[in-house]
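Chemist: Use these hints to put chain B onto chain A, whose structure you have.
As you go down the protein sequences, you meet chains A and B in turn. Those letters in the first sequence? Residues 25 to 303, by the working numbering. Those letters in the second sequence? Residues 25 to 303, by the working numbering.
Since the hints were derived computationally from the structure, they do not count as laboratory data. Treat the hints with care, as some may be off.
Unchecked claim - Computed beta-carbon distance windows for the label pairs:
id : chain 1 : residue 1 : chain 2 : residue 2 : range
1  : A       : E118      : B       : G87       : 37 to 43 Å
2  : B       : P119      : A       : G147      : 26 to 32 Å
3  : B       : D217      : A       : E118      : 56 to 62 Å
4  : A       : D275      : B       : Q255      : 53 to 59 Å
5  : A       : Y264      : B       : S144      : 37 to 43 Å
6  : A       : D71       : B       : E100      : 44 to 50 Å
7  : B       : A94       : A       : R261      : 53 to 59 Å
8  : B       : R186      : A       : D193      : 23 to 29 Å
Since we're looking at a predicted model, the values are computed, not measured. C-beta: ideal position from N, C-alpha, C; glycine also.
Protein chains: 2
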Amino acid sequence: MRIEKKIAGMRAFVQGARRGGKSVGLVPTMGALHDGHLALIRRSCNDNDITVVSIFVNPTQFGPNEDFGAYPRDFEKDAVLAERQGVSVVFAPEPREMYSDDFSTWVDVEQVSSGMCGESRPGHFRGVATVVCKLLNIVQPDHAYFGEKDYQQLQVIRRMVRDLDLPVDIVSCPTVREEGGLAMSSRNAYLSDAERTAALAISEALREAAALVDKGATGAQAIDLIDQRLQTEKLLRPQYVVAVDPDTLADKSQQGKPLLLAAAVHAGKTRLIDNIRVD
Amino acid sequence: MRIEKKIAGMRAFVQGARRGGKSVGLVPTMGALHDGHLALIRRSCNDNDITVVSIFVNPTQFGPNEDFGAYPRDFEKDAVLAERQGVSVVFAPEPREMYSDDFSTWVDVEQVSSGMCGESRPGHFRGVATVVCKLLNIVQPDHAYFGEKDYQQLQVIRRMVRDLDLPVDIVSCPTVREEGGLAMSSRNAYLSDAERTAALAISEALREAAALVDKGATGAQAIDLIDQRLQTEKLLRPQYVVAVDPDTLADKSQQGKPLLLAAAVHAGKTRLIDNIRVD
Numbered sequence: 025m026r027i028e029k030k031i032a033g034m035r036a037f038v039q040g041a042r043r044g045g046k047s048v049g050l051v052p053t054m055g056a057l058h059d060g061h062l063a064l065i066r067r068s069c070n071d072n073d074i075t076v077v078s079i080f081v082n083p084t085q086f087g088p089n090e091d092f093g094a095y096p097r098d099f100e101k102d103a104v105l106a107e108r109q110g111v112s113v114v115f116a117p118e119p120r121e122m123y124s125d126d127f128s129t130w131v132d133v134e135q136v137s138s139g140m141c142g143e144s145r146p147g148h149f150r151g152v153a154t155v156v157c158k159l160l161n162i163v164q165p166d167h168a169y170f171g172e173k174d175y176q177q178l179q180v181i182r183r184m185v186r187d188l189d190l191p192v193d194i195v196s197c198p199t200v201r202e203e204g205g206l207a208m209s210s211r212n213a214y215l216s217d218a219e220r221t222a223a224l225a226i227s228e229a230l231r232e233a234a235a236l237v238d239k240g241a242t243g244a245q246a247i248d249l250i251d252q253r254l255q256t257e258k259l260l261r262p263q264y265v266v267a268v269d270p271d272t273l274a275d276k277s278q279q280g281k282p283l284l285l286a287a288a289v290h291a292g293k294t295r296l297i298d299n300i301r302v303d
Numbered sequence: 025m026r027i028e029k030k031i032a033g034m035r036a037f038v039q040g041a042r043r044g045g046k047s048v049g050l051v052p053t054m055g056a057l058h059d060g061h062l063a064l065i066r067r068s069c070n071d072n073d074i075t076v077v078s079i080f081v082n083p084t085q086f087g088p089n090e091d092f093g094a095y096p097r098d099f100e101k102d103a104v105l106a107e108r109q110g111v112s113v114v115f116a117p118e119p120r121e122m123y124s125d126d127f128s129t130w131v132d133v134e135q136v137s138s139g140m141c142g143e144s145r146p147g148h149f150r151g152v153a154t155v156v157c158k159l160l161n162i163v164q165p166d167h168a169y170f171g172e173k174d175y176q177q178l179q180v181i182r183r184m185v186r187d188l189d190l191p192v193d194i195v196s197c198p199t200v201r202e203e204g205g206l207a208m209s210s211r212n213a214y215l216s217d218a219e220r221t222a223a224l225a226i227s228e229a230l231r232e233a234a235a236l237v238d239k240g241a242t243g244a245q246a247i248d249l250i251d252q253r254l255q256t257e258k259l260l261r262p263q264y265v266v267a268v269d270p271d272t273l274a275d276k277s278q279q280g281k282p283l284l285l286a287a288a289v290h291a292g293k294t295r296l297i298d299n300i301r302v303d
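For reference, chain A alone in the conformation it holds in the complex (with noise of 0.2 Å):
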């Protein structure tokens, strides 16, 4: 497995691999990889000839007061498992070969990015829009892989591809999930033993919601139950919860399914979010 930490290899050597017809997949990550990472990355060796995991932590995707600087590293332990899933490439770029000092060009992704984590975190969309299309266009992958967890982020790269027209196909694949229901993600390492406990509430209430949703409720009778269902854990502080448009994430708190359901909850420090979807 090769480690490329420059734009121009990693652009060379796709470029390479392309002209060999090999058709190449990109699963684009911040590192810290867990088994929802590991599923994306099955899924990209699976359908691709190549796979590229990028390890970026993206400086321009977190606010001034969150966890950029805390947020977990490993690279080490990253590369080992991205080779043992047959990972070609791993490309891990230094935040100075991806954002120079006279920086300038931001990629603004409206509507699906306001409302949920676009307004508890500003700028964010922004930040992730632009890395995923400088991904894109470095890696210029026939697919690129992201998880449903980050399901507003996925709808603002899916209309990032679809308005700017990007040569390439977004595939999502289903959140991987903790024993007990906790959905996977790198903050999780952030979580106390007692934090960890209480938040397997989130999955547990929007699975509840979803049920009620299923057999005719509205979306604000789900996030009734939701916001109920949280109450009840001290350890927990929700941030928002949500009953919108799978598709354009409008609100539909007065209809019933198709419904997103969706929630932001603070555990101690640590930002969780989820999300479930009533087809």
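Modeler: Below, chain B alone, put in the same frame as chain A:
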């Protein structure tokens, strides 16, 4: 010569050419082709196996009170001119092919977009950057060609390509001028004979000011000379006259060469721009 109106068809054609090992040049235009465009097209035909000329009057780069509706359109004539130069494909999508009803992704290039035309035409460069990003993603050319007459546009596109790692080489070509020095522009078609004569003062003033800067004058002295010369023409109303850094477009009026001297001037209802570099 092929005329392609659909993104999917354009993409399929170019992908076929690429698989055959052919290099691709793109000349993005809004039609109403003049000798300036033809110089870009000739350069592309010379550099590449395949040349694509896009003809698309891009609604998102026009302000609400600008000339989108009146902008000169003559597709039949443009197609004949393009074919005569050896163009392989004219890409001429309808606005609805390029912008869906819920289109919501914008490419914003900061810094080089501010000032000059960016100040007098708010949103203009956002529209330009977004449509050029789309065209580059659709055609995926090896080289794309732009005229130096639209100097700020050229710098916006260069910056976007650099920042977003778009896999294309941007080639600029010198401004082509009518006899007498007026910079060629599709908008020259709007000019009355008297306005056209008055407009000669723009390039004359820029040339005289450039000679002054070349002999050691500052940007401010050059601006004074240009202002005075333009004031002698009653049919002209200057919008801006600037002396800026040729790369960053930051104000450099207090310094000498290297400088870009640039002006935007209304002749009647017609807005004309021109510039000259002093290196």
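Chemist: Hint by hint, say whether it matches the structure.
Modeler: Tested hints:
Range check, E118/A to G87/B: Cβ separation about 40 Å, and the 37 to 43 Å hint holds. At roughly 30 Å, the beta carbons of P119/B and G147/A sit within the given window of 26 to 32 Å. Checked against the hint of 56 to 62 Å, the pair D217/B and E118/A passes, with Cβ atoms roughly 60 Å apart. A beta carbon spacing of about 57 Å between D275/A and Q255/B agrees with the range 53 to 59 Å that was offered as a hint.
Between Y264/A and S144/B the Cβ separation comes to about 41 Å, which falls inside the hinted range of 37 to 43 Å. Range check, D71/A to E100/B: about 46 Å between beta-carbon atoms, so the 44 to 50 Å window is met. One distance hint, 53 to 59 Å for the beta-carbon pair A94/B and R261/A, holds here, with the actual separation near 57 Å. Hint check: R186/B to D193/A, Cβ distance near 26 Å, so the stated range 23 to 29 Å holds.
Checked against the numbered hints above, the structure breaks none of them.
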